[in-house]
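Engineer: Here is how the chains run, residue by residue.
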Amino acid sequence: MACNASSCQSNCHRNEEQAQEEEFGGSANSISNYNDRNLNVCVKCKSNEPISGGNAEDGRFCADCFRSNLYGKFRLAVISNAMICPTDNVLVAFSGGSSSRVALQFVHEMQDKSQKNFDASRDRSLPVFGVGVAFIDERAIFPVSSHEIDKAIQDFRSIVSALAPPRKELHVVPIENICSSSSSDGRDRLKNLLDAISDSTGKEDLLLHLRMLSLQKIASENGYNRVVLGSCTSSIACHVISAIVKGQGYSLPGDIQYVDARWEIPVVLPLRDCLTQELNRLCHLDGLKTVELHKVPYSGINGLVSSFVTLLQKENPSRECTIVRTAGKLTPFHFNSIPEKSDSNTTLATQRRLKKYNLKPNESLSSESFCPVCNSPLNKSDLLRQSNLQNHQTSSDIFGAACCSSCRFQILPKDPSSMEHFYTHLPQPLVARAKRGGYGNLSLLREQIQDCLISDSEDES
Amino acid sequence: MEEADGNGKSMKGRGRLCCICSKRRAALKRPKTLEQICRECFYEVFEEEIHQVIVENQLFKPGERIAIGASGGKDSTVLAYVLSELNQRHNYGLDLFLLSVDEGITGYRDDSLETVKRNEIQYGLPLKIVSYKDLYGWTMDEIVKMIGLKNNCTFCGVFRRQALDRGAALLKVDKLATGHNADDIAETVLLNILRGDIARLSRCTSIITGEDGPIPRCKPFKYTYEKEIVMYAYFKRLDYFSTECIYSPNAYRGFAREFIKDLERIRPRAILDIIQSGEDFRISTSTKMPEQGTCERCGYISSQKWCKACVLLEGLNRGLPKLGIGRSRGLNDDRKKGIKENIGTKSIESKQCGTLDF
Ligand SMILES: [Zn+2]
Ligand SMILES: [Zn+2]
Ligand SMILES: [Zn+2]
Ligand SMILES: [Zn+2]
Ligand SMILES: [Zn+2]
Chain F
1 MACNASSCQS NCHRNEEQAQ EEEFGGSANS ISNYNDRNLN VCVKCKSNEP
51 ISGGNAEDGR FCADCFRSNL YGKFRLAVIS NAMICPTDNV LVAFSGGSSS
101 RVALQFVHEM QDKSQKNFDA SRDRSLPVFG VGVAFIDERA IFPVSSHEID
151 KAIQDFRSIV SALAPPRKEL HVVPIENICS SSSSDGRDRL KNLLDAISDS
201 TGKEDLLLHL RMLSLQKIAS ENGYNRVVLG SCTSSIACHV ISAIVKGQGY
251 SLPGDIQYVD ARWEIPVVLP LRDCLTQELN RLCHLDGLKT VELHKVPYSG
301 INGLVSSFVT LLQKENPSRE CTIVRTAGKL TPFHFNSIPE KSDSNTTLAT
351 QRRLKKYNLK PNESLSSESF CPVCNSPLNK SDLLRQSNLQ NHQTSSDIFG
401 AACCSSCRFQ ILPKDPSSME HFYTHLPQPL VARAKRGGYG NLSLLREQIQ
451 DCLISDSEDE S
Chain Y
1001 MEEADGNGKS MKGRGRLCCI CSKRRAALKR PKTLEQICRE CFYEVFEEEI
1051 HQVIVENQLF KPGERIAIGA SGGKDSTVLA YVLSELNQRH NYGLDLFLLS
1101 VDEGITGYRD DSLETVKRNE IQYGLPLKIV SYKDLYGWTM DEIVKMIGLK
1151 NNCTFCGVFR RQALDRGAAL LKVDKLATGH NADDIAETVL LNILRGDIAR
1201 LSRCTSIITG EDGPIPRCKP FKYTYEKEIV MYAYFKRLDY FSTECIYSPN
1251 AYRGFAREFI KDLERIRPRA ILDIIQSGED FRISTSTKMP EQGTCERCGY
1301 ISSQKWCKAC VLLEGLNRGL PKLGIGRSRG LNDDRKKGIK ENIGTKSIES
1351 KQCGTLDF
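In order, the protein sequence lines correspond to chains F and Y.
For the first sequence, the residue numbers in my numbering are 1 to 461.
For the second sequence, the residue numbers in my numbering are 1001 to 1358.
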């Protein structure tokens, strides 16, 4: 081929610095030394046979080294970001797929180790953190047979109960519970809500936000103080591209760090440095059972992004890492670290650990405003629009103005009566969030100047 | 294009009126908004949007001399046409020039230069052509003869960028306007993410670049969709040249460009959203481009002792054309290169050869 990109080092937009970056990127994920060309032994322990299949990156480890390398990435992420402390109670979000299956397994192994340490230690100074598991039942939305889901839930129960003690509780909660305490009413409300959205990508994304709200609800009602997600490099790479495509470049860096503490219960991503391929492989190697339940292929923008990233990864096996690493260099938000505890319950060991990894104490809280639908920090133009609100507005108008432009485009109905309808079906936690945020401030301001406003037609419920 | 896409609906839509003027029959679906509008309204919104971009971003000042990078392709041809229209209509007070680079590629550049020469007459804009032969002593044909088809893009890209600056200096212009459109900029945002180039990511959406360099460059088409440019050229019957460079046959589109076209199909706004993301990225000021100095040999801006063009030229003149092309490569890089070659000819970017259609 006359000029393909690999022969075109300095064309268009490339330069040296960038090429160096790329070289670095290529080796970022491999520990191995490529001078060592002996293909028949594991590159790490130099004794066992490497596992077959797989790509160049992980195909040269033996099963044990592969496993310990993967666990090592998880452990490093947990420790260096203070994700889990001995006094914590951790809720693992579990879907049945390989990522959350590995997340559960690794959290369990970590708990198991600290349990053993606890049993062995004399002074019993370090308590063992608690673990629970949450499964969001989405049969109300997805065309999966109830029989199939019931069977899967049975499987999940046996998976969770088969893990060594301490006992882990499995919370199975229907997604519609976020809309109403009554299940049938919840289903109706959820259906109404989703039907009001015309954009298929918007529908998928709202569902994602509702899933997070559900997890938050389970965590807060059951005394958990961390939510563990199975998000891995591959899924985060997809999120990076979709966020860019949806115009969410401002809020993107907040979504892809190890810690996301903008929620009532902080969310952590300990598998951020693991590839989907690796997680699948571990499930395969260790016989970890996975159940793909709600695996309806994405449509719309999310579908395009996911096949694009798959294609890129095929073309270059380090592409997903590069995407996440690049986006990781965007400046995170103040909420991207575990908030410091005000009480001095943190043990000495934890403090020592924090010191070791040089974790900075939380920056002073910045005055970020958040979109009530997706909880993204709002950019300047969103805030500007909000402050330019006219006087004669309904609650749903005010709510709409408080949303980010991406949600306004792909989720909120354009036509005022549908918007009104949509607004009345929104889950309570979401409306509450809006009131706490800018929208609440706005109504507060409005109350103060109420007597000077000519029209009193707006409804402030 | 007019009504070809209405499968079955075309009968119904036949008498539909333009949704802007409500007077004339709608002749096209506007790619950016999917509004059905008439030709006249299309011309008007197309030109007016560009005018607004120019005004809001203060791209030009009255009395400035502006060179339009003219390749003869659709983007630069439409840019030349629209800029000269707007300059008259809104009294920008600009002296406009066409600036072309003659790489010396028989069968490609000589033909496209004929187009630019016709544009010179059609739009009444003075044309300056700078050639690789004059600037560097080598034509692209001669370079290819010496180094083969591999790596010639390196020369293309480096030489053209500098040639444009030198041409602009000869014309004594204040600024260079290029035809980069919204699709190009969206593609660049994605490419910089895919390649890990945070420094470029932070400035690739700037509408004016190189203000610290010899000649600032600006992109009046930053928010203009490629499809609308094609539509405008088509309806206005503008005279442009559409053959690909023979040394960089773009028989395929790059991954990123294809992705953008797919996105546009289901959500036209995605192109603008990508640019918006690029503008909104939170990038700390410490991620800057390397300090620019000047080339010790030719005085052109360079972060190294010699600029890239001088290094390449030195190689050509000493009969060592590989000089300056590769860097010292480790085994790791060879392995990666091997993977790329096995996958085949498809690359992630769409314009292999610098931007031939600047
Ligand atoms: Zn080994
Ligand atoms: Zn939002
Ligand atoms: Zn019209
Ligand atoms: Zn080329
Ligand atoms: Zn030089």
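It should be emphasised that the hints constitute simulated quantities derived from the structure, not laboratory data.
One or more of the hints may lead you astray.
Claimed, not checked - On the chain F side, residues computed to face chain Y include the following (Cβ under 10 Å):
| hint | residue |
| --- | --- |
| 1 | Cys42 |
| 2 | Cys45 |
| 3 | Lys46 |
| 4 | Ser200 |
| 5 | Glu204 |
| 6 | Leu207 |
| 7 | Ala243 |
| 8 | Val245 |
| 9 | Ser251 |
| 10 | Phe308 |
| 11 | Glu315 |
| 12 | Ile323 |
| 13 | Lys414 |
| 14 | Ser418 |
Stated by the list, open to error - Below are the DSS-like pairs computed for lysine-lysine, each with C-alpha atoms no more than 27 Å apart in a straight line:
| hint | chain 1 | residue 1 | chain 2 | residue 2 |
| --- | --- | --- | --- | --- |
| 15 | Y | Lys1222 | F | Lys329 |
| 16 | Y | Lys1172 | F | Lys380 |
| 17 | Y | Lys1261 | F | Lys203 |
| 18 | F | Lys289 | F | Lys113 |
| 19 | F | Lys217 | F | Lys203 |
| 20 | F | Lys289 | F | Lys116 |
| 21 | Y | Lys1236 | F | Lys380 |
| 22 | F | Lys380 | F | Lys435 |
| 23 | Y | Lys1305 | F | Lys414 |
| 24 | Y | Lys1236 | Y | Lys1023 |
| 25 | Y | Lys1172 | Y | Lys1236 |
| 26 | Y | Lys1305 | Y | Lys1133 |
| 27 | F | Lys191 | F | Lys380 |
| 28 | Y | Lys1236 | Y | Lys1261 |
| 29 | Y | Lys1222 | Y | Lys1117 |
| 30 | F | Lys380 | F | Lys414 |
| 31 | F | Lys414 | Y | Lys1261 |
| 32 | F | Lys414 | F | Lys203 |
| 33 | Y | Lys1061 | Y | Lys1222 |
| 34 | F | Lys314 | F | Lys44 |
| 35 | F | Lys203 | Y | Lys1128 |
| 36 | F | Lys314 | Y | Lys1133 |
| 37 | Y | Lys1133 | Y | Lys1061 |
| 38 | F | Lys203 | F | Lys191 |
| 39 | Y | Lys1029 | F | Lys414 |
| 40 | Y | Lys1222 | Y | Lys1172 |
These numbers come from a predicted model, not from an experiment.
Cβ coordinates follow ideal geometry from the N, Cα and C atoms, glycine included.
Engineer: All the hints need checking, so say for each whether the structure fits it.
Structural biologist: Structure-based check of all given hints:
1. Cys42: violated (18 Å)
2. Cys45: Because about 21 Å separates Cys45 (chain F) from the closest Cβ in chain Y, which is outside the 10 Å limit, the hint is violated.
3. Lys46: The hint is violated - Lys46 (chain F) has no Cβ within 10 Å of chain Y, the shortest such distance being about 18 Å.
4. Ser200: holds (9 Å)
5. Glu204: Status violated, d = 13 Å.
6. Leu207: violated (18 Å)
7. Ala243: holds (7 Å)
8. Val245: holds (5 Å)
9. Ser251: Hint on Ser251 (chain F): holds, closest Cβ of chain Y at ~8 Å, below 10 Å.
10. Phe308: holds (5 Å)
11. Glu315: This hint holds: Glu315 (chain F) lies near chain Y, its Cβ roughly 5 Å from the closest one there, short of 10 Å.
12. Ile323: holds (6 Å)
13. Lys414: Result: violated, 13 Å to nearest chain Y Cβ.
14. Ser418: violated (20 Å)
15. Y:Lys1222 <-> F:Lys329: holds (25 Å)
16. Y:Lys1172 <-> F:Lys380: Violated, at about 39 Å.
17. Y:Lys1261 <-> F:Lys203: holds (22 Å)
18. F:Lys289 <-> F:Lys113: holds (22 Å)
19. F:Lys217 <-> F:Lys203: holds (21 Å)
20. F:Lys289 <-> F:Lys116: holds (25 Å)
21. Y:Lys1236 <-> F:Lys380: violated (39 Å)
22. F:Lys380 <-> F:Lys435: Since the Cα atoms of Lys380 (chain F) and Lys435 (chain F) sit roughly 20 Å apart, the hinted pair holds (cutoff 27 Å).
23. Y:Lys1305 <-> F:Lys414: violated (58 Å)
24. Y:Lys1236 <-> Y:Lys1023: holds (21 Å)
25. Y:Lys1172 <-> Y:Lys1236: The given pair, whose Cα atoms are some 31 Å apart, is violated under the 27 Å limit.
26. Y:Lys1305 <-> Y:Lys1133: The hint holds at about 24 Å.
27. F:Lys191 <-> F:Lys380: violated (33 Å)
28. Y:Lys1236 <-> Y:Lys1261: Distance ~24 Å between Lys1236 (chain Y) and Lys1261 (chain Y) Cα, so the pair holds.
29. Y:Lys1222 <-> Y:Lys1117: Satisfied, since the Cα-Cα distance of roughly 26 Å is no more than 27 Å.
30. F:Lys380 <-> F:Lys414: holds (22 Å)
31. F:Lys414 <-> Y:Lys1261: Roughly 26 Å between the alpha carbons, so the hint for Lys414 (chain F) and Lys1261 (chain Y) holds.
32. F:Lys414 <-> F:Lys203: holds (14 Å)
33. Y:Lys1061 <-> Y:Lys1222: Measuring from Cα to Cα gives roughly 18 Å; hence the hint holds.
34. F:Lys314 <-> F:Lys44: Holds, at about 25 Å.
35. F:Lys203 <-> Y:Lys1128: violated (54 Å)
36. F:Lys314 <-> Y:Lys1133: violated (42 Å)
37. Y:Lys1133 <-> Y:Lys1061: Given that 27 Å is the threshold and the Cα spacing comes to 34 Å, the pair is violated.
38. F:Lys203 <-> F:Lys191: Holds, at roughly 11 Å.
39. Y:Lys1029 <-> F:Lys414: Roughly 21 Å separates the two Cα atoms, so the pair holds.
40. Y:Lys1222 <-> Y:Lys1172: holds (25 Å)
Of the hints listed earlier, those the structure fails to meet are numbers 1, 2, 3, 5, 6, 13, 14, 16, 21, 23, 25, 27, 35, 36, 37, in rising order.
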